[in-house]
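Number of protein chains: 4
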Amino acid sequence: MSSQVQKLKVGIIGGTGYTGAELLRLLVQHSMAEVIAVASRSEAGTKVSDLYPNLRGHLDLSFVEPKIEAFTECDIVFSATPNGIAMQHAPDLLARGIKLIDLAADFRLQDAAAWRHWYGEPHACSELLSEAVYGLPELNRESIRNANLVANPGCYPTATTLGFLPLIRESLIDHNNLIADVKSGVSGAGRGAKVANLFTEVSDSFKAYGVSAHRHHPEITQTLTAVAKQAVTLTFIPHLVPILRGIHATLYADISAETSLESLQSLFEATYAEEPFVDVLPLGSHPETRSVKGSNLCRIALHQATGSNKLVVLSVIDNLTKGAAGQAIQNMNLMFGLDESTGLNCPAQLP
Amino acid sequence: MSSQVQKLKVGIIGGTGYTGAELLRLLVQHSMAEVIAVASRSEAGTKVSDLYPNLRGHLDLSFVEPKIEAFTECDIVFSATPNGIAMQHAPDLLARGIKLIDLAADFRLQDAAAWRHWYGEPHACSELLSEAVYGLPELNRESIRNANLVANPGCYPTATTLGFLPLIRESLIDHNNLIADVKSGVSGAGRGAKVANLFTEVSDSFKAYGVSAHRHHPEITQTLTAVAKQAVTLTFIPHLVPILRGIHATLYADISAETSLESLQSLFEATYAEEPFVDVLPLGSHPETRSVKGSNLCRIALHQATGSNKLVVLSVIDNLTKGAAGQAIQNMNLMFGLDESTGLNCPAQLP
Amino acid sequence: MSSQVQKLKVGIIGGTGYTGAELLRLLVQHSMAEVIAVASRSEAGTKVSDLYPNLRGHLDLSFVEPKIEAFTECDIVFSATPNGIAMQHAPDLLARGIKLIDLAADFRLQDAAAWRHWYGEPHACSELLSEAVYGLPELNRESIRNANLVANPGCYPTATTLGFLPLIRESLIDHNNLIADVKSGVSGAGRGAKVANLFTEVSDSFKAYGVSAHRHHPEITQTLTAVAKQAVTLTFIPHLVPILRGIHATLYADISAETSLESLQSLFEATYAEEPFVDVLPLGSHPETRSVKGSNLCRIALHQATGSNKLVVLSVIDNLTKGAAGQAIQNMNLMFGLDESTGLNCPAQLP
Amino acid sequence: MSSQVQKLKVGIIGGTGYTGAELLRLLVQHSMAEVIAVASRSEAGTKVSDLYPNLRGHLDLSFVEPKIEAFTECDIVFSATPNGIAMQHAPDLLARGIKLIDLAADFRLQDAAAWRHWYGEPHACSELLSEAVYGLPELNRESIRNANLVANPGCYPTATTLGFLPLIRESLIDHNNLIADVKSGVSGAGRGAKVANLFTEVSDSFKAYGVSAHRHHPEITQTLTAVAKQAVTLTFIPHLVPILRGIHATLYADISAETSLESLQSLFEATYAEEPFVDVLPLGSHPETRSVKGSNLCRIALHQATGSNKLVVLSVIDNLTKGAAGQAIQNMNLMFGLDESTGLNCPAQLP
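Residue numbers (my numbering), protein chains in the order written: chain A, 70 to 420; chain B, 70 to 420; chain C, 70 to 420; chain D, 70 to 420.
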């Protein structure tokens, strides 16, 4: 911290939501990066630390208008806006040699028609889709290193894909009968003023939502299909848990009678042995979301269901960290040749 | 309420746990029943309302020792103790003509060997197992009316069985590929002093537990097998949600391509049309556990998963009410020829 | 319930907020009242039970426009709208002989200028202020019996006033040094879509708010001054607790060295001995808000602070019940000569 | 981190409670300290990260028996045990030249008779009391630098004392009429298996406790009296909030009519201008406990109550960090001449 290294100059578009706040929390602790601009249309002029009092004393910036001029000095920009905004800024930023990581969905689906179907509007720069790298380091590390445009994965897709990945890659499960019963904390719903997300509507209750269709579904199947090199059939059911942060994916897959649980455990351990942010727990473990709260880790445990051929994979992340801002910084570290873990080594708070 | 009807005289063994507390809360409002004795070994001599201040002004009794003498005047006794206690009292109570509803597991499994396997000790009165009626009114109403000994179902089994029942009965799903991903509020873990259930261990977190084996699993398969008249294969995974009360079962089953969702919706509506405590929601609904908090209702909604042949059934109950004490009182009403809904008509508190 | 009594016909204006929902929850269980109209500008046409699923099967009404025609058959109307609405409806309703209970603040302050100061607009029917009775039964029971227009007290004022009342009436405390450190659950903030009340903003945190000025302050001092027959000086500091329902008032007052705690305990017990909804706990008790959740009770306990002359009064209510809808129904019962407790006898849910 | 500085060798006695866990969370991130031994009688032999999964990958130690041999290599030992244990280890550790910070109460009260009165047993090494320094850096920084034995302040005393300190020191308030209405998160109650701290007993409720007497009361008055150089009269009322971490102190003091709020604000700002861990907020602010969650900050805001001469000071800390482990590490940094903020600069997690 003392000797003056050349720090990365970082900009953030859309800094008022929770992924923006988490980016800021992590970046003010990052030894090799410095936030120089944070934009928000609604809060331009407000001190960032007035909106996020946890940052008082850590960041002395005010929100600016989201105009390109604010970011011309940046090495990299994170877009933490609602869907459909990053694709408006992307061509201009990239043309100026500024790298871009989009934490929304604009560049996650490689098929512009699919994007239009799921997000309800035509894609504004479909010509960039082929250039965008899906920013899951455990899958695409080398491509990320060389990318100028990274599509940061969704929170459900991160937890789900990391749980299925070794099984799909080795063709050890029935591709036509995958189930992801996933549960998310409330910060996944964002900071918008909606009755449905009031404390009084969410607290002390539990529900499924979006059962008929959820936008993270095609994102997951796109990845799993690419890995499997064949079609996969996934049933994906999201639920809302009254916790601030955390995703718990309970994954079900059929394995053949010859496949032992121990061999799968070895496979997972081998697959993720060198991964800084995937922690395979001992057989029989039950990972808690709090064990990763505020950290960039994905913790995974394997179980064989009683009396059936189902493998059950439990996978937990913090939706704002490994599921959003932490993974984005992991990607930034890769894109600039930094140690992948820089700024991401805090253990979770417990309790 | 004014004219003096002859009220049922009710005793409770094990009144210090949460199912005991819920029995008391409901019974003090029951127009046709009167609690005359509440036993607890650990709290004998304590006023019930000192332990449960919500009952101050509603119940003027002190806990007594759990001896048979305390219950000889009773028409019916509820046993709300840990597993393995009711089977010690049952023969004596029944011999005296006192009906018994056990809210623990002692009489749920019809096979004494299975009981021994799952509960770790030999059954103390296996000769009564054939006499015990499984107290799920939607399945066994007529038998319950004539029963002297009722095994009140577990909380998970109630939510799960009601969600699968119409499908199993009509053989509309693949019996070999059932999944129940179930989530329970913390009161399901009881009132014991355990570190694992401290506020500081449970709050703001989510986890699966007992993935390798849970005692409610054989209870559910026993019922479903009996209805299906063939073996069923169920994967059953419980989770802990940081809420006080509530169970949410997310049930997965394969349906054939010819079976329409609308026909299944009609089947559920027809099956439960006359049931006072099963509420089939319109297609596309997402029942919240809070919508049944403190009520005896089970609310059910059906969905077809996107892009697969999975039927998804969402089923919610309050684990202490329809999942325990409320259902026990429903059974009592049946056993004594009362209106089945007596004392059970309060809507849930919301928010 | 069996023989057909003539039930009161009840209307509700503003049925979409939490006090409206609580009125409905209580009224559907009230043996002597029937809701015949529920109005909401924003939800006209929607089924009430679609908005509040806990009422499915209990109430088969849809919201109507808040026009006088909808209420002409009513014996009584509850206004559960934001402040400033009831005063627009009041003259018309009263002229038609329909009694009115306002759960908002329109008729709480007897001084129209004070109303204008605190609520930011002129009072629309200040001529009715003298006719309005402040609906705290423990203070104004006889006036309420004869009232056509009742101003239902605020939630903080109910808990605070009941805790200070015996002391003020008997001049046993220093009127110039009263402190009310009060804590409210989040439902007190209403059902509006505000960022500040999101689960993610409120959960797992605690704060004071409105320290410089809160509208319930003049309401409390108005009542205490009237009882004391002299000015009182009250410091009133509200806080937000991450719970659904409940108010906990911690009240501080100076007593003279001659006044014993036991004598004050006796005073409180005597004052409230005949009150159906005030429960004075034994000395040394610590009332929990959950002990009154969903009930109409106010529970009070007295303490002498260590090493000082401070009397500490702890007073808890459910802000939606005794602090709003329950007390309104208590007032309705009085206004129509019913048993004061009708429909209000449920014990709190616990846990 | 790369070049090998000589790190402090740190031992922890009593590492299984929440203050022990927080010490470990902070110390594994501390660039100048290394934990070499963690003792626990009950968990000896268990891997620390099996008990605290958030430490997996951060700490590769197992608990050892709490014997002196385990700590002979240590530069400093933290005692995070229940009260009454540190005083058994202290003489031996100090005799070996090992510095000791006690996070329990053994050395907080300077009067052995007072200790006996409040803690119910005679003090085991009262000869060390005069040597022990009360570890509130804002009050005793220079003494702490030279101390071998530090009594780490209690959580309530930290929040309360920092809020009253400038006022007491300058004699700007009436010393005979201080009130501290304080609220604590549940982790303050520790990790013991008690029914009273179960999720099901605490969640969705609020209560006062220990109103008649709390051990932190004499600790606060001891400090305030020493600063005031005269007796002070403090009314101290603790409450339990259903949050994991956080203390909110609402402090009331009488100021004279000549004292302006602005002058007090200036006094607070000047007093704490150089303090790394006290943040005086702008006038009119309402600090939230979440704004300091997991951080070592105390945030303070001043208000003048409406219509009275009361100054209201709001003071928030995280009870496990500034209220325990964080402050202990701040003290360690001072005792060893390190930068006072080393290892304590993380902003709070939000949301």
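Simulated from the structure, these hints should not be mistaken for laboratory data. Here a beta-carbon is modelled for each residue, glycine too, at the ideal position from N, C-alpha and C. You may find that some hints are simply not true.
Sample of chain C residues with no beta-carbon within 10 Å of chain B, all distances over it, derived [said to hold, decoys possible]:
| # | residue |
| --- | --- |
| 1 | Gln98 |
| 2 | Asn123 |
| 3 | Trp187 |
| 4 | Tyr188 |
| 5 | Glu200 |
| 6 | Asn217 |
| 7 | Ser272 |
| 8 | Gln418 |
Pairwise CB distance ranges, derived in the manner of DEER restraints [what the hints assert, rightly or not]:
| # | chain 1 | residue 1 | chain 2 | residue 2 | range |
| --- | --- | --- | --- | --- | --- |
| 9 | C | Glu343 | A | Gly261 | 57 to 63 Å |
| 10 | C | Glu344 | B | Arg238 | 52 to 58 Å |
| 11 | A | Gly126 | D | Ser199 | 32 to 38 Å |
| 12 | B | Thr141 | A | Gly279 | 53 to 59 Å |
| 13 | A | Thr141 | D | Gly406 | 53 to 59 Å |
| 14 | A | Ala300 | B | Gly279 | 30 to 36 Å |
| 15 | D | Glu190 | B | Asp119 | 52 to 58 Å |
Status of the hints after comparison with the structure:
no., hint, in the structure
1, Gln98, "violated, 6 Å"
2, Asn123, "violated, 4 Å"
3, Trp187, "holds, 27 Å"
4, Tyr188, "holds, 26 Å"
5, Glu200, "holds, 34 Å"
6, Asn217, "holds, 30 Å"
7, Ser272, "violated, 8 Å"
8, Gln418, "violated, 5 Å"
9, Glu343/C <-> Gly261/A: 57 to 63 Å, "violated, 50 Å"
10, Glu344/C <-> Arg238/B: 52 to 58 Å, "holds, 54 Å"
11, Gly126/A <-> Ser199/D: 32 to 38 Å, "holds, 37 Å"
12, Thr141/B <-> Gly279/A: 53 to 59 Å, "holds, 56 Å"
13, Thr141/A <-> Gly406/D: 53 to 59 Å, "violated, 44 Å"
14, Ala300/A <-> Gly279/B: 30 to 36 Å, "holds, 34 Å"
15, Glu190/D <-> Asp119/B: 52 to 58 Å, "violated, 30 Å"
When the structure is compared with the earlier hints, violations turn up for hints 1, 2, 7, 8, 9, 13, 15 and for no others.
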